[in-house]
Amino acid sequence: MAEVRSKVRSFVIENFLFGEEANLSEEASFLEEGIVDSTGILELVEFLEKEFSIRVADDELIPENLDSIVRVESYLMRKLARAEDGARTSFTLPSGA
Amino acid sequence: MCAIAGYLQNRSSRQSEEILFEMIGRLRHRGPDGSGAFFDRGVALGHARLSIIDPQGGAQPLASEDGSLWIVYAGEAFNYLELREELRRRGYRFATTTDTEVVLYLYQEYGPAALEKINGQFALAIWNRRSEELFLARDRLGIRPLYYTRSNGRFLFASEIKALMADPDVPRRLDPDALAQVFTFWTTLPSRTAFRGICELPPGHFMTLRGAALRVRRWWHLPCPPIEERWGGTFEEAREELSALLTDAVRVRLRADVPVGSYLSGGLDSSIVSVLAADAAPGRLRTFSVGFEESALDESSSQMEMAEQLGAEHSRLLVTNEAMREHFVDAVLHCERPIARTAPVPLFLLSEMVRRSGYKVVLSGEGADEVFGGYNIFKEAKIRDFWAREPGSRSRPLLLQRLYPYIFQNHERGWAFVQRFFAVSPRDRDDPLLSHRIRWQSGARRLAFLSDEARAALGEDPLAALSDLLPTGFGAWGPFERAQWLEMTIFLCEYLLASQGDRVAMAHSVEARHPFLDVRIVEFAARLPPHWKMRALSEKRILREAFRPLLPPRVAQRPKHPYRAPVREIFFPEKPGSLLQHLLSVDALRDAGLFHPDRTTHLVRKLSCERGASIGEGDAMALSVIASAQSLHYAFVKNSLRPVCIERPERIVRIDGDQRRSAPPPPSRVAAGEHHG
Chain V
239 MAEVRSKVRS FVIENFLFGE EANLSEEASF LEEGIVDSTG ILELVEFLEK
289 EFSIRVADDE LIPENLDSIV RVESYLMRKL ARAEDGARTS FTLPSGA
Chain W
7 MCAIAGYLQN RSSRQSEEIL FEMIGRLRHR GPDGSGAFFD RGVALGHARL
57 SIIDPQGGAQ PLASEDGSLW IVYAGEAFNY LELREELRRR GYRFATTTDT
107 EVVLYLYQEY GPAALEKING QFALAIWNRR SEELFLARDR LGIRPLYYTR
157 SNGRFLFASE IKALMADPDV PRRLDPDALA QVFTFWTTLP SRTAFRGICE
207 LPPGHFMTLR GAALRVRRWW HLPCPPIEER WGGTFEEARE ELSALLTDAV
257 RVRLRADVPV GSYLSGGLDS SIVSVLAADA APGRLRTFSV GFEESALDES
307 SSQMEMAEQL GAEHSRLLVT NEAMREHFVD AVLHCERPIA RTAPVPLFLL
357 SEMVRRSGYK VVLSGEGADE VFGGYNIFKE AKIRDFWARE PGSRSRPLLL
407 QRLYPYIFQN HERGWAFVQR FFAVSPRDRD DPLLSHRIRW QSGARRLAFL
457 SDEARAALGE DPLAALSDLL PTGFGAWGPF ERAQWLEMTI FLCEYLLASQ
507 GDRVAMAHSV EARHPFLDVR IVEFAARLPP HWKMRALSEK RILREAFRPL
557 LPPRVAQRPK HPYRAPVREI FFPEKPGSLL QHLLSVDALR DAGLFHPDRT
607 THLVRKLSCE RGASIGEGDA MALSVIASAQ SLHYAFVKNS LRPVCIERPE
657 RIVRIDGDQR RSAPPPPSRV AAGEHHG
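As they're listed, the protein sequences go chains V and W.
First residue of the first sequence? That's 239 in my numbering, and the numbers climb one at a time after it.
First residue of the second sequence? That's 7 in my numbering, and the numbers climb one at a time after it.
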């Protein structure tokens, strides 16, 4: 779990903050803090799909799943756990889950 | 179009003619056809000439008949024939057929109020020998540039910043506040330049200097007439009026003693201008356009269709990414400001082709999008204002998908994020900057690329600086008028007309003329109700309807296709040993001290990797700002990119204490007469 969080955090720092990690709160909303813009989120999705070998379904691409480091981590953990259980790799999560 | 330069200094200071000669020498690309200098005690005026009207008789500096006023003038007064008639009726006699002489006597007759009579694009300086006052002025929208600075007891002015730097005492340092503004707005705000201590006379302003006293005054405002002054007629009447005004705006812009060509982008605006020019000008119209390798950016098929209908002799310049890369720095050094968009580069290359084809004047469709509401940002403002009235609506935000089809290729994917990104609340309707705030806040995020020292030196927040410039009562204007004012004041006047207009055209001695920015059109359009310009989400309605019969149906109906040039592609793949690679190296970044080397290196790495092509344009634009600012630093601050050309002007007039003279002799007679200067 710590590894997932650390990978996501590194990506955000490298890719959106260009190496400046000071003051990046793990609960901070990417949109509200201006860390990503509307197209930047697609860069994050591309990274998650490649790094964790998952497919982010259209209806999973919502702020509740992806708008902060802790939300991404939580989404990924659920997604990866389902995958391990042999569930479908693409499914709908309840909003705010 | 020409260039002007000069200085005013304490009478007792040593006159340095070489400084003026070097100033003129640095401006010869703007005026290769002749040059002149004038020296009086404490004042120097210089001119480099691009001869367009009266090639034989228009040498400058030019004196009034009584020798009391001396002018250097860069620009055009398109209504000069009418103004000359008016002055002739008042008893003025003319030694030349130039508009320069008309402008000089207009000033003699009316003082600064003369500016209001001129329908044109100009920057000028007039020295009044009697009152010992220097008068500088710039046209309404700032189509022609004018910069000034003070250094070591000397006040200097010039058409371009590089000429000011002919004086070794002028400080040369990029200004962190200017960089912050460029990241935010894509340009500096009025009066500020990229260089600390160097100012631009804002559009629609004049200034006077007498001794050490300097006074800057605004002489024209972007119009936003109150309801009672709005257009009182019908839509059909307005359409006819527009048609007549634009036809005349093109007609007077064809006044020249050299042939006039036209830019043809393939869009509505330049097509209308070209149609009107083809009708008004004798012979076959000559048109020029830019094409790109990338089909999403290329508009060649529309250009060809239009050129065919016009029967024009058309030339298209295919601008490759390689050519963009090769000439990026050249274009920046002409723009003299960091550029977030690379769109100036193709226009820099196009003007070279125009000049090579034997043309030095072209018409353009610039300004129509601002004046008649052609940009998506106006629609975005309208949608967000509409949405803010009912923030819970599910259907209202969906209108955004119609604006940016390239973002919403898959409407479902990421929509929730996009919606959150553009989200509004009822309170936002009172935000005077609502139309542009998202764009500017995204830009302000890039301030993180400034070095720690540059960030520490920041004096003001860019958005706060802008708020100080808003006109009285701005908050009570309608959303369209507010967005339009912001777009014209900042994007058009400070960025487009310079970096995609004057500077890249004059780099190759080409004068661009913009019929849509004729003062009669700008003031007429301001009186029309907003929905005659943008109906629902259809742009430039009245313009389209006024000229539909003259255009091929595909051009008349075609939605706005924004002019864009590749950004990331000109930096990557990196070319080892190239100038750009050097400018972005850690050593060069450290040496200049403007940008954070680590963060910039991260940015370069991000954009250069395989998936760089799918990254949003904002990052590539940040890199463009950094690379262009680095270019300016090395060229202007370190003086390491370009040799300086010093040239003795062909015509020198001296009226100074030691009575040295050269041909032609200065006027010997000072006649009595009223002067209002």
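Treat the hints as calculated values from the structure; they're not laboratory data.
Just so you know, not all the hints are guaranteed correct.
Straight-line C-alpha distance at most 35 Å; calculated DSBU-like pairs for lysine-lysine [said to hold, decoys possible]:
1. W/K581 <-> V/K245
2. W/K644 <-> V/K288
3. W/K581 <-> W/K644
4. V/K245 <-> W/K612
For each label pair, taking beta carbons as the anchor points, the in silico distance ranges come out as [to be verified]:
5. W/T326 <-> V/D296: 30 to 40 Å
6. W/E616 <-> V/L262: 54 to 64 Å
7. W/R596 <-> V/D296: 21 to 31 Å
8. V/E322 <-> W/A594: 47 to 57 Å
Residues on chain V that point at chain W, a partial pick, calculated with CB under 7 Å [to be verified]:
9. F256
10. G257
11. G272
12. S276
13. I279
14. A295
15. D296
16. L299
17. V308
18. E311
19. S312
20. M315
21. L318
Predicted model, so just to flag it, every value in this text is computed and none were measured.
We put the CB at the ideal spot given by N, CA and C, even for glycine.
Checklist line | Numbers of unmet hints, in rising order | finding: Violated: hints 2, 6, 7, 14, 17, 18, 19, 20, 21.
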